[in-house]
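A.B. asks: Chains A and B, in that order, are what the protein sequence lines are.
Numbering of the first sequence is given in the numbering used here, commencing with residue 193 and proceeding in unit increments.
Numbering of the second sequence is given in the numbering used here, commencing with residue 88 and proceeding in unit increments.
Treat the hints as calculated values from the structure; they're not laboratory data.
Treat the numbers as computed from the prediction; the structure is a model and nothing was measured.
Careful: at least some of the hints might be erroneous.
[Said to hold, decoys possible] Computed beta-carbon distance windows for the label pairs: (1) A:THR197 - B:ALA404: 52 to 62 Å; (2) B:ILE336 - A:ILE344: 53 to 63 Å; (3) A:SER253 - B:GLU663: 55 to 65 Å; (4) B:GLU490 - A:ASP211: 44 to 54 Å.
No residue lacks a Cβ here, since even glycine has one placed at the ideal position from N, Cα and C.
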Amino acid sequence: MEKFTLKINGESKEVTAEDDMPLLWALRDMLGMKGTKFGCGQALCGACTVLVDGEAMRSCSLPVSAVGDQEVVTIEGLSENGDHALQKAWVEHIVPQCGYCQTGQIMNAAALLNRNPNPSDEEIESSMAGNLCRCGTYNRIKDAIKTASQNI
Amino acid sequence: MRPTFPFFKPKEETDKSKIFKPSRRDFLKVSSLATGGFFLGITFQCSGPKGSDLIFAPNAYLNIDADNLITIVAHRSEMGTGIRTSLPMIIADELGADWSKVKIIQAEGDEDKYGDQNTDGSYSVRMFYEPMRRAGATARHMLLLAASQKWKVAMDDCYTENGMVHHTESEKSISFGDLVSEVQKMEIPRSEDVILKPFSDYKLIGKDIPIYDAKDIATGKAIFGADVDLDKMKIAVIKRCPVVGGKAISVNDTAALAISGVEKTVKIEGAGLPAGLDKPLEGIAVIATNTWAAIKGRDALEVDWDLGENKEYDSAAQLQEMLKSTEEKGKVRRARGDFEEAMNSASKTIERTYELPYYAHATIEPPAAIANYSNGKCEVWAPSQHPQWARGAVATALGIEVEDVTMNVTLLGGGFGRKSKPDFIVEAAILSKEMNGPVRVQWTREDDLHHDFYHALSAQRIRASLDGSRKLVGWNHHTVFPAIGATSNPAEIHPSDGELGLGCVDFPYDVPNIRIETHESKAHTRIGWLRSVSNIHHSFAINCMMDEVAEARSIDPINNALEMLGEDRNLSFKEELDGDFSNYGESIEEYPWETGRMKAVIQRVAKEAGWGQRLGGNKAMGFACQKSFLTYVACIVIAEKGDDGKIKVSDVHYAVDCGIGVNTDRIRSQFEGGAQFAHGLATSSAITFKNGKVEQNNFDTYLITRMPQAPKKYHIHIVESMEKPTGVGEPPVPPYAPALANAVYKLTGKRQYKLPFSI
Ligand code: FES
Ligand code: FES
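Excised from the complex, chain A in its bound form (with noise of 0.2 Å):
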């Protein structure tokens, strides 16, 4: 067991844990954050999707000791009211059914834009291929980066 100073959406958070948990892990059972889900725990599915300084990762696929001092962003600290443009734009397309894979699919979409401010949709589809939807909201989530994109 070791100890691990992360720095969550703009706050740091004492885990102790052993290094190779991966970071999805710590922050569900060691930080009780729920927003990042696990759908696979293999890098396949995107459920599980932060940002680590602004790049989408998988959390179930990044160990604890190897975040550092790097940003992390959950979907909780995505913006403080749940006012981000893509949240918005996802409740006005009314993109969720079940919304498991959703907030996986926001933190990528939010990668997405914060290097490329204006998709294309080839650019969108290649971007969001690692983010599953068993439900089928895909025309609806490339419809609210877009309208995101806008507002950004």
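With chain A held as given, fit chain B with the ligands onto it using these hints.
C.D. replies: This is chain B with the ligands only, laid out in the frame that chain A set:
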């Protein structure tokens, strides 16, 4: 409680509803949900065991408090269909409530309080549309009466809107909250005095209404199964026997216990064979202080298994046997005329076989459940589609009374039929009892794909005979797949009447000679139901064959379907069946099979998609139609071949007649999602078994549709209808794969006889 299939729904449930003022006792039972104010219970008649009296139990509650807050208890599980929004919408609309002041609370799983809560089989809106309207109308009636008495005006001159009662002439108005104390003293009006609003007055029903949970989901606040946290909760991850029916002979847990955070291992006794629909598989649970330790501990376990009688099971070999069996005469399940004779005198018989694999549900939320056992009582939190079944199964497994189990339903991260089975919830309960404290059972993706209740693999053979004038005169359909019932009863070696009623014996076309046959097959794994159940394979085979029939007749497939549906009339299959026609649990008189409604959706989709127009060489349209869950659906898929030779779907058109559409946005979203779901079934997903074990482990081998492969555009055409509402969760799935296959044929000249096919 006996396992119920989605399509074996007892009909009586919807027949009568009663609105009442809950007794003080009832009030206390749900008082944590609603605080004071005017309180109304709504009960739908529930069917008791056969022959017994019908029991009345409140199914939903409506509370209006002095601050104008309206609380509605939703008794159906939310798994993405929007039902938690749609049912309260119906009450609120009749009531004339201010929708922004409506709060929705999820009911716990409790048959006494809420009646049957099984959320399966696309029937929530179908069953509860009328009762919900009556509930809202009753409360409105009482509010109007209270206001009119206060103002000393005629009740008929008053109306409700946006949470207020208004008097037309004087323009007086008063909020619902200000009437609460008067209404509380009133008796419930007689049901014949309560008048439902005309459809044209609805402000919510028939419109696009955002789902209640959208913002919570987008901000990560929505609570799914695994998100429930209890003090001192332990986490369990289980190593289950990789072959259904196997048993553990010996366990070496030394390495597992050496992992930091791992506290204990516990053996869970499996059901053996038959595996059953509500029992855990044999397994060894690793209990730890956190999920990661539990996963690592599980991976470090060494277990010696007796794999049991399925240890050599090979799904490819079974499929070949099943296919072979269709060459022989089977058990005749529907007969009209003399097919043999028709085939012998036919000028042409087209004979094709169709093969479909097992499918896993693969909800993005893997099963997870939390149980807290102490002093002979157990409280459970789980993403359950069927909380009462879970409650009963937990009570049985723990040897306690059903009343001592409290079942809390979280949001479901997808269901599709998987989460009606309570096996994972029972695991949590058993482990919690063992630990005498709270435990969360967490399934990994590998667990989910290895130990699902799969959609059955299937083989079919269809013979279609044409006479000299190119009329279809004979139809012979053989279908073989392990029955859902075989999971509990190995003696069930033929598909049940219920499963055949899903798109097989309800073959609607006007063919003078029909013979539908089934063959024997055994279940070597756990068979369950997946979004639209046997409609998936039946619709694929029939619609692909109909496309070939149209071609052989040199008729356009749409015209072929329209012609063969014949005159507008109601079909009844009963006389020709050996067995019952399930009709999704409804009587055929009340929900007839109307050829006119099917023809109307076909014509609508053809018109909207521009069927017949020239698309250019790299695009083609394919058509299929399927009535399922009492909803009529026609589908046109437009496929496009790219420069790289790969085929993509550019457009999907659906025309749907589901009777009255309650939340039109959620109807569209179900069809969009249904197409994406079916796209995976059609082009990439398959579960296979070798040596009794599932060969796929995660999303790198069980492939579901990703955004780049998904259809690009959706056009959902909802037929305006005043017919009774019917399901929309499952009906989009069946026609999609055959419509795509028929489009692919036009592009490539190659017919598809197996799913999945790569494009
Ligand atoms: S849980 Fe991390 S990518 Fe699936
Ligand atoms: S909304 Fe259900 S998995 Fe995406």
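A.B. asks: Taking the beta carbons of THR197 (chain A) and ALA404 (chain B), is their distance inside 52 to 62 Å?
C.D. replies: 56 Å, holds
A.B. asks: How does the Cβ-Cβ distance of SER253 (chain A) and GLU663 (chain B) compare with 55 to 65 Å: does it lie in that range?
C.D. replies: 57 Å, holds
A.B. asks: In this structure, is the beta-carbon distance linking GLU490 (chain B) and ASP211 (chain A) contained in 44 to 54 Å?
C.D. replies: 47 Å, holds
A.B. asks: Could you tell me whether the CB distance from ILE336 (chain B) to ILE344 (chain A) stays inside 53 to 63 Å?
C.D. replies: 60 Å, holds
The structure shown violates none of the earlier numbered hints.
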